[in-house]
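Chains as they are written, first to last, in my numbering: chain L, 719 to 1055; chain R, 719 to 1055; chain G, 719 to 1055; chain H, 719 to 1055.
For the record, the hints were derived by calculation from the structure and aren't laboratory data. The structure presented is a predicted model; accordingly, all values stated were derived computationally and were not measured. Accuracy of the hints is not assured; some may be wrong.
Estimated spans, in silico, between C-beta atoms of each pair [stated by the list, open to error]:
(1) Ser750(G) / Gln799(L): 27 to 37 Å
(2) Asp737(L) / Asp796(R): 56 to 66 Å
(3) Ala887(H) / Lys725(L): 31 to 41 Å
We put the beta carbon where it would ideally sit given N, CA and C, even for glycine.
Chain by chain, the residues run as shown.
There are 4 protein chains.
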Amino acid sequence: MIVVMSKDATPEDINRVADWLTAEGFRVHISSGVERTIIGVIGENTERAVGAATMPAVDQVVPVQRPYKLVGRDFHPDDSQIRVRDDVVFGGPRVIVMAGPCAVESREQVMEAAETVARLGLSVLRGGAYKPRTSPYSFQGLGLEGLKILAEARERYGLLIITEAVDEASLRHVAEWADIVQIGARNMQNFELLKRVGQVNRPVLLKRGLSATIDEWLMAAEYIAAHGNPNIILCERGIRTYETKTRNTLDLSAVPVVKQLSHLPVVIDPSHATGQWSWVAPMARAAVAAGADGLLIEAHPRPEEALSDGPQSLNLTRLAALIPSLRTVAEAVGRTL
Amino acid sequence: MIVVMSKDATPEDINRVADWLTAEGFRVHISSGVERTIIGVIGENTERAVGAATMPAVDQVVPVQRPYKLVGRDFHPDDSQIRVRDDVVFGGPRVIVMAGPCAVESREQVMEAAETVARLGLSVLRGGAYKPRTSPYSFQGLGLEGLKILAEARERYGLLIITEAVDEASLRHVAEWADIVQIGARNMQNFELLKRVGQVNRPVLLKRGLSATIDEWLMAAEYIAAHGNPNIILCERGIRTYETKTRNTLDLSAVPVVKQLSHLPVVIDPSHATGQWSWVAPMARAAVAAGADGLLIEAHPRPEEALSDGPQSLNLTRLAALIPSLRTVAEAVGRTL
Amino acid sequence: MIVVMSKDATPEDINRVADWLTAEGFRVHISSGVERTIIGVIGENTERAVGAATMPAVDQVVPVQRPYKLVGRDFHPDDSQIRVRDDVVFGGPRVIVMAGPCAVESREQVMEAAETVARLGLSVLRGGAYKPRTSPYSFQGLGLEGLKILAEARERYGLLIITEAVDEASLRHVAEWADIVQIGARNMQNFELLKRVGQVNRPVLLKRGLSATIDEWLMAAEYIAAHGNPNIILCERGIRTYETKTRNTLDLSAVPVVKQLSHLPVVIDPSHATGQWSWVAPMARAAVAAGADGLLIEAHPRPEEALSDGPQSLNLTRLAALIPSLRTVAEAVGRTL
Amino acid sequence: MIVVMSKDATPEDINRVADWLTAEGFRVHISSGVERTIIGVIGENTERAVGAATMPAVDQVVPVQRPYKLVGRDFHPDDSQIRVRDDVVFGGPRVIVMAGPCAVESREQVMEAAETVARLGLSVLRGGAYKPRTSPYSFQGLGLEGLKILAEARERYGLLIITEAVDEASLRHVAEWADIVQIGARNMQNFELLKRVGQVNRPVLLKRGLSATIDEWLMAAEYIAAHGNPNIILCERGIRTYETKTRNTLDLSAVPVVKQLSHLPVVIDPSHATGQWSWVAPMARAAVAAGADGLLIEAHPRPEEALSDGPQSLNLTRLAALIPSLRTVAEAVGRTL
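Throw the hints in and build the complete structure from the sequences for me.
This is the structure:
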């Protein structure tokens, strides 16, 4: 922490702050500039020094340390590789494409999607059994029955399953039936849920909150890691901005930024980000070119009949057409798919 | 819903959409303009018509109905008055001021704050026992012990208590020990928690999410109402914008907007909104002038020692100085305090 | 400036930065913390030290000084009072209400509005002769003819005139015919225009840009002051956020924030901020309660026929109804109107 | 336009609106739904129908037509190709890379950059002679002298020149000395400047405003086209959001969105978008993968000494290293570079 004093701070003001910081157990370095004095705060847990902000003649208190430790690159310089069931590695040379419907609606729908996903050589099937919906009157998911349908597709087509948990009860089921636990954007700061995910023995995909800063997103990952689960995959899915043409604004620069700050793999969800199927393909290619470790794509056998997010879902023909172009771009940046 | 066709839509394109809508059980009205054709969709649950967005030659699908019913003014034209324990009414002529520390830290701290709150003639004491914190390493609250301290203050000073619930377990405790259940901004779209709050026999204060639209906020209230609890107080606490001088941007115009759309009372939290104690007083006065039904203000005996949000807390002297000016403004707009 | 080194910076890295800063003419203070070293940069024009951000092992460069001098409170602790034509003072005890139509459309329309403005005891008539419009096909204003209509209203009703200048040519005319030059939100960073306004002998009202930070807004004022014109009135008119119910989001907390940072008066435009006439009155009252020095309100004899911004304009009956309530709130916070 | 009536609108309310619209010269289509009545407005210049928003029992007025005509794809279905001096075509199969320093600082600096740009096979040199700067105390550019240095580099290395105009006077000089006129983000809604650019016989690169919607950006282009200059290249350079790790948030999805709405070419400026040189390369590759028609990249012989935007500038070695990877990605998506 650095405490910046006001321009008109007196020596008494400066001493009062320095004394308080010392009493709190910190060491202080005082630098007197032409216009202002700044006080460097040295010690453990310097975030407590923010209390100085309420003292007279203090202009601002500026943090200088990264607040995350376990997920930060400072303490773990090499990229993490998150392995799922021996087969699939996030954060390695291969770009992992996860595809499937937004919501599990029926056995037939899931099998049809799974058949295509498997045929295209992709390894992970997505599909929501527990659906957080903005309206209480919208379809809320098939729950446990949906998980069983996904598990059946896994057996039949040799796929891994990713699906969302929304509370303690659903988390227990998801951890039992699926291979990767997804935490959705709206629950990114549901800290009680994050603590429980930290105790689960499954890799977790953590979506960035709708308006979470990158620091807050990494702090949410830190919650999971601090509670015992280091197998975290980050997922950028678009942030909320003033632009309304797209459902959200895909913050693709989060890929290099996160890779500088953290050792965790990052994947991109171009479907929720754009909200429109015709923009999914170019943004998926861009994500691979930007260095993303994977993609999470909505695909549905009949998007116009989807109970959730139809407009942003690729039909299976369009999904099939997309994959070769992703492979070409992956190879152009030195990766496989 | 209104389906707007592309400029180059053919009669076949238009018929295809109209036929699909009819098959889905809607009636359609087709209007052919100079440049475009629009199709009005009439019937129940027209949100399903969004599926048309994936069809050829459809330019956009525009919703024209409010998605909330129970909390909307369309179906409940008069203001709701939310009564807490006979004594206090939100949404009536009196502006209700709730004050107290961000977090319950100790018995002594709470009693000191409660004594001031009672002496100033305010009726509700705030204080968090379960704290959702951005960092897993920050103080997470005293939990049940904190609730008991609050309850003791209630008995001793004749105050009502508002405190936050963060999951199913804490909700059970809060509903037992407190008078108003607070749902925080980060949980505004924790739909599983909202469903449970709907089953609780206590008034609930629902904070607006950090980047929730007013429609999403009202839909979150609709979840609570649809699950059985109509006693909802809305609380605006600042939204996330690009401006960084303030912690958040207080969207005070949400007061008249919400009052037009909904019959529920609205209160303002100027402490979280500004993040700085010196800006709390002018924004509290502005909130009352804008028509807010109440205020939620952070006040701490010694803000510089607060374990949470010290910089935005008033000390008790400043709280005492604020109240008379709030009363004067309340009277200027025809209310009491 | 403070240069924060990376956690893994070596002594060589630190020396390289310190040497470069010294060579650039700065003095440096080095503080070695538990995890990081920070380098305080002391001297004139420290913003040049940002070059260090490109050097190896530099994590971030943090500015600690306010970039504005002439408009900042640091160097001018007392409130500025901006006097217009002897009669009207912005920044004193009286709250100044400016009202009138968005655009000058006809002589009759302006006279009708001016008659009401004068009758209500307000001193300043607003009206645009040069209109910056989003579409090239929208009404662009009457230009010089419009200015002459405004000047006629001034003579007839004893009012002061405020109107917008959009480029060098219109600025010459506005400075000749009007009493206050308005610079609109879209031109807040039209630096060439700001420089010219600095050379004009008229008070200027500077609207905050649509997404300008408070610092950028004050720097725009600094341009005007640095080029010779200290008579600046700041005007907050809503910022762009993700919320779409209101045209913009009125950032009313900008009032106390600006008053802390600057000595200049601040007024509020609730019409552009909300975009809807029915929300103008509560936000105007809130602005006065928050400490604003004035209001800029759109009022039109027949809003439904307005060529620009009709939905947000009060009709003259509603304007007349608003004024007494503003006066009561002004008195409640110790001012007049 | 569609006028949506309130739920409680009476037949008299509906007739009043319909009569007013008819009197204004529109035809109306009335659709009565289960809950609401909607009125379709048909005719020319339907934007005037917004006046209905002020009438009793009107809930909202929804526009259904694109407001741009000349730059919209509705009326010009094929991609535009913008040719500069016979040699370079924007909007064709080749991705055009423009590189060079943010500001022209010296003859030596420009020649050094130009030599590299030419050696790498790029065709366009960028460099600012007129600099819009946030602070009046920052370097404001060399002006005409800077243009002459750029022109000398053009002759010596066979490059085209792009540089910014900031007002009428600089526009005259830029149009004389450069090949492409750049309009910066802060001037995107400087409508008087746009009108003048419309009269210039040079291609223009129009940067998106800091918080401009895509519709506003296309309307700014419409200004230029409506005043006579159809040779417009759009440039996305990052938008303002709440995220502060990056200087702005690169809205890369604007590429497919704009290409759907407009026939104009779109290029990306990854330097201003990210604000940090180390993130420029991945975002440049992503832009090409997303379908951008070109790139505008800041490169400086010695970024640490740059008078403007040093932290986001590539040095010339890094620029040279980037180009081959861009070429590979371009080929992966079927283009050249």
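Verification of the hints:
1. For serine 750(G) and glutamine 799(L), the hinted distance range of 27 to 37 Å is satisfied, since their beta carbons lie about 34 Å from each other.
2. At about 58 Å, the beta-carbon gap between aspartate 737(L) and aspartate 796(R) stays in the expected band of 56 to 66 Å.
3. Under the hint 31 to 41 Å, the C-beta atoms of alanine 887(H) and lysine 725(L), about 38 Å apart, fit the expected range.
Comparing the model with each numbered hint stated earlier shows that all of them hold.
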